Amino acid sequence: DTAVSQTPKYLVTQMGNDKSIKCEQNLGHDTMYWYKQDSKKFLKIMFSYNNKELIINETVPNRFSPKSPDKAHLNLHINSLELGDSAVYFCASSQAMGALYEQYFGPGTRLTVT
Amino acid sequence: GNSVTQMEGPVTLSEEAFLTINCTYTATGYPSLFWYVQYPGEGLQLLLKATKADDKGSNKGFEATYRKETTSFHLEKGSVQVSDSAVYFCALSGDAGGTSYGKLTFGQGTILTVHP
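For the record, the sequence lines run as chains A and B.
Counting in my numbering, the first sequence tops out at residue 114, every number present.
Counting in my numbering, the second sequence tops out at residue 230, every number present.
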């Protein structure tokens with residue numbers, strides 16, 4: 001059973017399009033995250049939700065909009081895609097907020113914008 | 115703000131060699147420190163962690179000690195295997211009450227390749 005799953009695994013699209021990435025966790029966790037990993041492997045948090053409430057919202061263009069329909073799902077919608085959005089996007093979850101709670105990562109979605 | 119600096123990679127070793135990957139951090143208060151590992155084509159997995167000064171985290175033969183006096187959390191393994199080839203990330207999470215509470219700040223990652 002996959003703990004944190006993401007769909008799709010690969011996404012190739014053209015500039016200007018709108019796309020969504022979906023994330024689901026079956027761990028019963030309260031907190032979910034989105035991270036972006038660039039071509040140099042650098043990882044940076046984008047958003048965090050706790051019990052469907054937005055807690056962390058880093059300096060991310062407002063073309064990126066997360067949505068949490070329930071505690072087990074956190075989707076990422078991206079409008080007007082740009083070349084610089086090409087990256088691997090990781091979803092993660094943890095039992096609760098805080099350093100004592102391990103974050104479990106999904107396998108990633110590789111987004112390529114052409 | 116918080117930051118994490120890892121040694122430049124990539125690191126290439128022969129099997130059974132000793133591994134050190136340096137990690138230093140800048141943070142206020144008492145952050146928790148982590149090492150995550152990313153195997154090819156996969157997401158990150160927690161390798162080990164330490165939540166207070168002088169704590170030693172260990173797992174799968176890897177160790178790291180939280181040194182507050184030197185703001186470091188270096189990763190070590192006495193004898194690496196080919197299967198240890200991966201990208202290793204040092205990370206910190208701010209303590210309660212800070213603006214970075216619950217938020218992982220990562221280093222730039224170090225690519226490790228182990229040859230037979």
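Source of the hints: derived by calculation from the structure; they are not laboratory data.
Values in this document were obtained by computation on a predicted structure and should not be read as measured data.
Accuracy of the hints is not assured; some may be wrong.
What the hints assert, rightly or not - Heads up, simulated EDC-like pairs for lysine to aspartate or glutamate below, C-alpha to C-alpha not over 16 Å straight-line:
no., chain 1, residue 1, chain 2, residue 2
1, A, K41, B, D169
2, A, K67, A, D18
3, B, K191, B, E129
4, B, K191, B, E130
5, B, K217, A, E58
6, B, K217, B, D198
7, A, K67, A, E102
8, A, K40, B, E190
9, A, K36, A, E82
10, B, K217, A, E102
11, A, K44, A, D18
12, A, K41, B, E122
13, A, K36, B, E130
14, A, K71, A, E24
15, A, K67, A, E53
16, A, K36, A, E53
17, B, K217, A, D30
18, A, K19, A, E102
19, A, K9, B, E190
20, A, K52, A, E24
21, A, K41, A, E102
22, B, K170, B, E190
23, A, K71, A, E53
24, B, K174, B, E130
Here is how each hint holds up against the structure:
Between K41 of chain A and D169 of chain B, the direct Cα distance comes to roughly 28 Å. Violation of the 16 Å bound is thereby established for this hinted pair. Straight-line distance between C-alpha atoms of K67 of chain A and D18 of chain A comes to about 15 Å, which keeps the hinted pair within the 16 Å bound. The suggested pairing of K191 of chain B with E129 of chain B holds, with an alpha-carbon distance near 11 Å, which does not exceed 16 Å. Proximity of K191 of chain B to E130 of chain B is assessed by CA-CA distance (about 9 Å); at most 16 Å being required, the pair is judged to hold.
Distance check on the hinted pair: K217 of chain B and E58 of chain A sit about 10 Å apart at the alpha-carbon level, within 16 Å; holds. Between K217 of chain B and D198 of chain B, the direct Cα distance comes to roughly 27 Å. Violation of the 16 Å bound is thereby established for this hinted pair. Note on K67 of chain A and E102 of chain A: the hinted pairing is violated, with a Cα-Cα distance of about 22 Å set against a maximum of 16 Å. Of the pairs offered as hints, the one joining K40 of chain A and E190 of chain B is violated, with about 23 Å between alpha carbons and a cut-off of 16 Å exceeded.
About 14 Å separates the Cα atoms of K36 of chain A and E82 of chain A, which keeps this hinted pair within 16 Å; it holds. The suggested pairing of K217 of chain B with E102 of chain A holds, with an alpha-carbon distance near 11 Å, which does not exceed 16 Å. For a cut-off of 16 Å, the pair hint linking K44 of chain A to D18 of chain A is broken: about 22 Å separates their Cα positions. Taking the CA atoms of K41 of chain A and E122 of chain B, the gap is near 12 Å; set against the 16 Å cutoff, the hint holds.
Taking the CA atoms of K36 of chain A and E130 of chain B, the gap is about 34 Å. The hint is violated against a cut of 16 Å. A C-alpha spacing of about 9 Å is found between K71 of chain A and E24 of chain A, which places the hinted pair at or below 16 Å, so the restraint holds. A distance of roughly 9 Å separates the Cα atoms of K67 of chain A and E53 of chain A; the hinted pair therefore holds under the 16 Å criterion. Of the pairs offered as hints, the one joining K36 of chain A and E53 of chain A is violated, with about 20 Å between alpha carbons and a cut-off of 16 Å exceeded.
Between K217 of chain B and D30 of chain A the CA atoms are separated by roughly 15 Å; this keeps the pair inside 16 Å, and the hint holds. A distance of roughly 29 Å separates the Cα atoms of K19 of chain A and E102 of chain A; the hinted pair therefore is violated under the 16 Å criterion. Straight-line distance between C-alpha atoms of K9 of chain A and E190 of chain B comes to about 33 Å, which puts the hinted pair past the 16 Å bound. The hinted pair formed by K52 of chain A and E24 of chain A meets the criterion: a straight-line CA distance of about 13 Å does not exceed 16 Å.
For the suggested pair K41 of chain A and E102 of chain A, the alpha carbons sit about 21 Å apart, so the restraint of at most 16 Å is broken. Restraint check: the Cα-Cα separation between K170 of chain B and E190 of chain B comes to about 11 Å, which is no more than 16 Å; the hinted pair holds. Simply put, K71 of chain A and E53 of chain A have alpha-carbon atoms about 9 Å apart, close enough for the 16 Å limit, and the pair holds. The hinted pair formed by K174 of chain B and E130 of chain B meets the criterion: a straight-line CA distance of about 14 Å does not exceed 16 Å.
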